[in-house]
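Chains as they are written, first to last, in full-length UniProt numbering: chain A, 1 to 329; chain B, 1 to 337.
Hints were generated in silico from the structure; no laboratory data involved. Heads up, some of the hints might be wrong.
Coverage of chain B stretches by chain A, computed from C-beta distances (three or more under 8 Å per stretch; other residues unrestricted) [said to hold, decoys possible]:
#, segment
1, 206-217
2, 272-280
Sample of chain A residues at the chain B side, in silico, Cβ under 7 Å [said to hold, decoys possible]:
#, residue
3, A191
4, R219
5, Q220
6, A253
Glycine is no exception: its CB is placed at the ideal position from the N, C-alpha and C atoms.
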Amino acid sequence: MSAPLLSLNEVTRTYTSRKGLFGTPVAVQAVAGVSLEVRPGETLGIVGESGSGKSTMGRMALGLEAPDSGSVRFDGAAMPDPGSESWRSLRKRAQMVFQDPLGALDRRLPVADQIGEPLEIHGIGDKAARAAAIARSLEMTGLSADHGRRFPHELSGGQRQRVIIARALITDPELLVCDEPVSALDVSIQAQVVNLLIDLQAERGLAMIFISHDLRVVRQISQRVAVMYLGHIVEEGTAEEVLRDPQHPYTRALVSAAPVPGARQRQRVILTGEPPNPAARPSGCAFHPRCPLATDRCRAEMPVLTRLAPGRRAACHLIQHTPAGMAAK
Amino acid sequence: MAGPLIRIEGLRVAFDGAPAVRGVDFAIHRGEALGIVGESGSGKSVTWLAALRLLPEKAVVEGRVSLDDDNLLEAPIERMEHLRGGRIGMIFQDPASALNPVLTIRRQMAEALALHRGLSGKSIDAEARRLLDLVGIPDAAGRLKSYPHEMSGGQNQRVMIAMALAGNPDLLIADEPTTALDVTIQAQILDLLQLVRRETDMALVLISHDLGVVAENCDRVAVMYAGRVVEEAPARTLFEAPRHPYTRGLIDALPTLDAPRRLVAIPGVVPDPRRMPPGCAFSPRCAHAAPACLGAVPELRRLEPGRRIACARAAELDLQPAATALPAETARPEVRA
């Protein structure tokens with residue numbers, strides 16, 4: 001197995017939030033001691049609801065935010081501090097694709113200029129070389145030279161998302177972090193962009209972190225999946241294993257909640273209770289107030305992410321930690 | 001069977017000369033759930049906003065919307081105000097912006113209960129509490145004193161549903177009611193809508209871009225494209241044997257939790273309403289387009305009861321799933337709680 005391109009080791013990230021103007025500041029732990037690895041050419045899907053810390057994970061993976069504790073390593077070296085010289089040069093090796101392409105683009109510039117911006121920032125190539133790279137990037141993402149001359153508002157949502165991907169790819173990065181890249185797109189266009197990402201990844205051996213709340217898209221695109229709940233990973237494994245045979249009750253509920261076209265009315269696991277609030281983390285297992293199987297132990301003691309099988313981890317007191325136990329549950 | 005509860009006939013809507021809805025007919029019976037799917041710009045929301053006269057002045061609306069003997073498009077505005085929130089309830093995608101941020105939940109519910117049910121004083125409180133209980137809000141009495149920002153998105157959406165139910169509606173129109181919510185909360189809300197429908201024999205129109213959501217929660221599904229219904233069928237039938245290439249396309253483009261397969265994207269984009277292609281609006285993106293498709297706009301023809309299709313080639317096309325079928329074993333196991 002190859003060495004990881006990116007590894008996060010026990011990272012935590014805490015924000016302070018204040019309720020009202022004069023309220024006392026409350027520490028909100030967005031990510032609470034998470035370890036993850038991404039290998040070259042591999043796509044890791046990070047799944048979770050709002051407040052799970054999945055976007056904060058993505059930002060730490062790129063070094064856009066430094067963890068409060070723990071470490072991030074990229075290609076074997078420690079992630080430099082945000083804003084430093086070495087951090088800037090790392091930017092061209094690891095890029096981000098955001099959810100809202102219109103917000104990430106400058107309305108007053110033709111999109112080709114914006115696709116080329118990373119080359120200028122990193123001082124790569126002369127004018128002719130940059131123009132050639134822009135043309136290549138446009139072509140790679142299925143856009144024409146004519147599209148390049150247009151302004152963001154003259155393009156459709158799917159085309160704008162291609163522009164964002166073209167810009168992220170122009171520096172030939174090794175890692176792409178995609179945060180909900182297709183959530184705002186219609187199904188037919190979403191399929192175009194998902195296929196594009198899969199193809200680009202296969203052709204270029206990109207490593208990818210694909211952050212989404214949509215399990216169906218994550219299943220399509222990821223080799224491995226990590227499920228997050230309130231700042232913790234509760235389950236991790238190959239996409240196939242985690243989504244076909246979920247072990248953690250939360251993953252089971254997520255899988256069960258995903259709508260299936262053509263399915264008859266199924267017996268769904270409907271979670272009761274409120275969505276997780278990072279500012280009011282429950283004791284013990286953070287999921288216990290919504291868990292249909294919670295016991296006294298779950299209310300008191302936090303479960304540890306434990307290895308169930310090679311590459312398969314889960315954090316639940318109720319899972320027997322033997323390979324046979326998995327099936328028995 | 002009695003006649004339909006509400007019937008839309010020949011509905012057309014245009015904004016500044018650009019057609020948004022180009023001739024739509026629907027009939028919905030009491031207690032029935034009709035799903036409407038389509039991409040942005042398909043006219044799925046505009047159809048219902050027009051039927052309820054909620055569009056801005058500049059929208060030109062033609063056709064007929066009958067609820068009993070009323071033609072809603074010609075009814076006096078006072079009559080409409082009485083019907084909206086009364087016999088017809090509505091919930092929208094974004095509960096946060098549909099609720100008034102400076103009024104308590106009680107005040108907002110009281111308004112609906114006073115207007116549509118003629119309640120006052122103590123009976124308002126009692127009924128408001130009953131409705132919040134019905135939609136599964138814990139501590140209903142305490143929650144009446146809350147403001148929308150003090151509650152989560154899922155709770156606000158429940159309040160919206162409670163308010164929509166305040167007038168004891170015969171018809172509830174839910175426009176993307178769960179799109180802004182997390183998946184587990186989405187499942188709760190959809191479940192709640194089913195429960196309410198069973199208990200009150202209310203008809204439901206569920207508008208969504210998500211075929212999965214619509215398939216699981218509706219009896220009948222209509223697919224809209226560029227301002228027209230292109231196919232309508234019982235939910236199961238539509239997904240098992242779609243007859244319109246666009247419906248087939250939407251199904252093939254949808255990722256599933258089963259083993260990954262190549263998604264089949266629909267090439268191109270939705271046409272600009274000002275530059276509609278001649279004939280079938282889907283023909284520029286359709287793999288099966290033939291010269292016959294470029295002549296007239298295909299009529300929405302009835303194949304059998306509850307099954308309509310608007311495709312010039314419907315009779316000759318055999319629309320097989322584009323992806324290779326997956327072995328049955330890879331289907332997801334039933335999840336037990």
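| Interface hint compliance - A191 of chain A to chain B, C-beta minimum distance less than 7 Å | 4 Å, holds
| message | Next item in the hint list is Q220 of chain A. Is there a CB on chain B closer than 7 Å to its CB? | response | Check passed: Cβ of Q220 of chain A comes within 4 Å of chain B, closer than 7 Å.
| message | Please check whether the segment 206-217 of chain B has three or more residues whose CB lies within less than 8 Å of a CB on chain A. | response | holds (count 7)
| chain B contact restraint on R219 of chain A - CB to CB distance below 7 Å | 5 Å, holds
| Taking 7 Å as the limit, does the beta-carbon of A253 of chain A come near enough to a beta-carbon in chain B? | With a closest approach of 6 Å, the A253 of chain A hint holds.
| Okay, the segment 272-280 of chain B and chain A, do three or more residues pass the C-beta test at under 8 Å? | It is violated, with 0 qualifying residues against the three required.
Hint check: a violation occurs at hint 2 only; the rest are consistent with the structure.
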